[in-house]
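Peer 1: Each chain, letter by letter, is given below.
Number of protein chains: 2
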Amino acid sequence: MISPTLQEIREAAQRIKPHAHRTPVMTNENLNERVGAKVFLKCENFQKVGAFKFRGACNAVFSLTDEEAARGVCTHSSGNHAQALALAARMRGIAAHIVMPENAPQVKKDAVAGYGGKISYCESTLQAREATLRRVMESTGAAFIHPYDDERVIVGQGTAALELLADVPDLDVVIAPVGGGGLLSGTSIAATETKRGIRVIGAEPEMADDAFRSLQAGKVFPSDNPKTIADGLLTSLSDRTFSIIQSRVEQIVTVSEQGIVDAMKFIWERAKIVIEPSSAVAVAVLWEKKIDLTGLKVGVILSGGNVDLGKLPWESRQGDR
Amino acid sequence: MISPTLQEIREAAQRIKPHAHRTPVMTNENLNERVGAKVFLKCENFQKVGAFKFRGACNAVFSLTDEEAARGVCTHSSGNHAQALALAARMRGIAAHIVMPENAPQVKKDAVAGYGGKISYCESTLQAREATLRRVMESTGAAFIHPYDDERVIVGQGTAALELLADVPDLDVVIAPVGGGGLLSGTSIAATETKRGIRVIGAEPEMADDAFRSLQAGKVFPSDNPKTIADGLLTSLSDRTFSIIQSRVEQIVTVSEQGIVDAMKFIWERAKIVIEPSSAVAVAVLWEKKIDLTGLKVGVILSGGNVDLGKLPWESRQGDR
Chain A
1 MISPTLQEIR
11 EAAQRIKPHA
21 HRTPVMTNEN
31 LNERVGAKVF
41 LKCENFQKVG
51 AFKFRGACNA
61 VFSLTDEEAA
71 RGVCTHSSGN
81 HAQALALAAR
91 MRGIAAHIVM
101 PENAPQVKKD
111 AVAGYGGKIS
121 YCESTLQARE
131 ATLRRVMEST
141 GAAFIHPYDD
151 ERVIVGQGTA
161 ALELLADVPD
171 LDVVIAPVGG
181 GGLLSGTSIA
191 ATETKRGIRV
201 IGAEPEMADD
211 AFRSLQAGKV
221 FPSDNPKTIA
231 DGLLTSLSDR
241 TFSIIQSRVE
251 QIVTVSEQGI
261 VDAMKFIWER
271 AKIVIEPSSA
281 VAVAVLWEKK
291 IDLTGLKVGV
301 ILSGGNVDLG
311 KLPWESRQGD
321 R
Chain B
1 MISPTLQEIR
11 EAAQRIKPHA
21 HRTPVMTNEN
31 LNERVGAKVF
41 LKCENFQKVG
51 AFKFRGACNA
61 VFSLTDEEAA
71 RGVCTHSSGN
81 HAQALALAAR
91 MRGIAAHIVM
101 PENAPQVKKD
111 AVAGYGGKIS
121 YCESTLQARE
131 ATLRRVMEST
141 GAAFIHPYDD
151 ERVIVGQGTA
161 ALELLADVPD
171 LDVVIAPVGG
181 GGLLSGTSIA
191 ATETKRGIRV
201 IGAEPEMADD
211 AFRSLQAGKV
221 FPSDNPKTIA
231 DGLLTSLSDR
241 TFSIIQSRVE
251 QIVTVSEQGI
261 VDAMKFIWER
271 AKIVIEPSSA
281 VAVAVLWEKK
291 IDLTGLKVGV
301 ILSGGNVDLG
311 KLPWESRQGD
321 R
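Here the protein sequences come in this chain order: A and B. When we follow the working numbering, the leftmost residue of the first sequence carries the number 1, and every step to the right adds one. When we follow the working numbering, the leftmost residue of the second sequence carries the number 1, and every step to the right adds one.
What the hints contain is simulated information worked out from the structure, not anything from laboratory work. There's no promise every hint is true.
Since the list can't tell identical chains apart, any single copy or any two copies may satisfy a pair.
Derived pair list, reagent style PhoX-like, types lysine-lysine, alpha-carbon separation capped at 20 Å [to be verified]: (1) K108 to K265; (2) K17 to K109; (3) K311 to K265.
Keep in mind that this is a model prediction, so the values were computed, not measured.
All chains, please: the whole structure from these sequences, using the hints.
Peer 2: Below is the structure:
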């Protein structure tokens, strides 16, 4: 399979520049001390819609010809990609059709609708989702933008690592979380084509370790009813993302649920930023020290900051007023 | 009373530069839409020890002569000032003696001890605190650094507004929370001496409105057993801070407890940063729209981000793992 190129990521960066935030890179001395490395946090929690997903969706939407764009875009997602596609479409002044299961959380439905997305509800099965998406495509002619199995999306996600390496050129390692593999694919291309010898590591929950097992086996394993608080990482690799990751990523490191929660809480408490569990998965690789990164300069892509503040993964009782 | 000068704030900025963070100024479109103004958030939650207090403590500590410094510093505080003074003292390689009530939360004792502060416990009365502080000063000769009734502290706190106006010179208004008045005093000097006609507004909880009442009455009212979630704003003005605020601050605006919580939650959810209730008090002035700031460029000093994640001011039940 032919891999997307660094040049395409650079073009994506130019394409999304008027629409996306160039997010800051943060450092935190407490974190550095705790993990024994120099950590550079690429803050995609500050990205539009609160997640890196806006980069890929935005690049895909603005890659369409005017004729294609006029018919709108569509996808299936109840997560950050749905919101990202809705917002990118609104910025281009076109329709976004989002297929979501009826039982998706109300807050997610509201978020997509808030960005102007047109929601088509389906039952919560793979068959229902695909049938509904097909109907939407047939009736509207909208272009399907897959959450990760799409080169325009992959190169869009790669722009985060491109910016990170522009800000911190001498990184030794880049860590990104892996679910469907769009972010990790784009990150690995941007990093390895920008800096010779840089190490790219994927971060995955032990409880959803299909990418880890896929790399071990040399073929795609679907995720098998995964249960993790990192709800952005439930999806499986596609052949496309597997192929890129296999050739460019050093290894996938899995982390425990407790490690994810502890790393997340530490970042909130010490770095004073709100990150979602999927972001904490990447931090947890450093936190749990399963591999030795002592003394290295490590870039970490914080994927996003969308959490339900009424349902945190730790005990909180309401304080006195 | 002679007011500190802009020149002294500039000198403080030079003095603390090697030790303190130059914190970023953040903007958020959701917030701007919600409040109808262009808001610039000066992120002192990203400051050392997680609060603006480090600026004043650091300036005071590094203002001491070598001879004075050799005898250490001391203060009474169980809050951010205690941590700030302990860290600043450690940076200068001198002792910090912190008088704290025995019943202070363990997390605050640990934080001060973690920065190397030497804690002297006292009973939780004003008399016991002052007696203990006096004993510490007599036995060590340490220099007393008051949390706010100290010119070195006031000009240190003013460096935040100095940086804010350097980054956003065309602000119409600056809002800062007011407890003892150190931050608001320093902010008001920095702002009004940097930009002619700029409006400086103090933000205070309705439930702890002693500064509001003091300005109305033209004399200092002590706070009267205040109950607010903004636990950084429980103290009363001193004659020194009252005098500065009276001459330079346009007005104090009081905000409701619900407004503080709503503003705090909105900033966490939308801006993806962790701020403490005292910071949210300043945001709540915009949030509750008690005064009309429509269309203006408004700087807000976010005082800090130190919160107990296990005791948030809203309902949160632990999510499923």
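Peer 1: My question is about K311 and K265: at a cut-off of 20 Å on alpha-carbon distance, are they close within one copy, between copies, both, or neither?
Peer 2: For K311 and K265, both the intra-copy (14 Å) and inter-copy (13 Å) Cα distances are at most 20 Å.
Peer 1: At 20 Å max between alpha carbons, let me know whether K17 reaches K109 within a copy, between copies, both or neither.
Peer 2: neither (28 Å within a copy, 47 Å between copies)
Peer 1: When Cα atoms must be at most 20 Å apart, do K108 and K265 count as within-copy, between-copy, both, or neither?
Peer 2: Cα proximity of K108 and K265: across copies only (17 Å, versus 23 Å in one copy).
The structure shown violates just one earlier hint, number 2.
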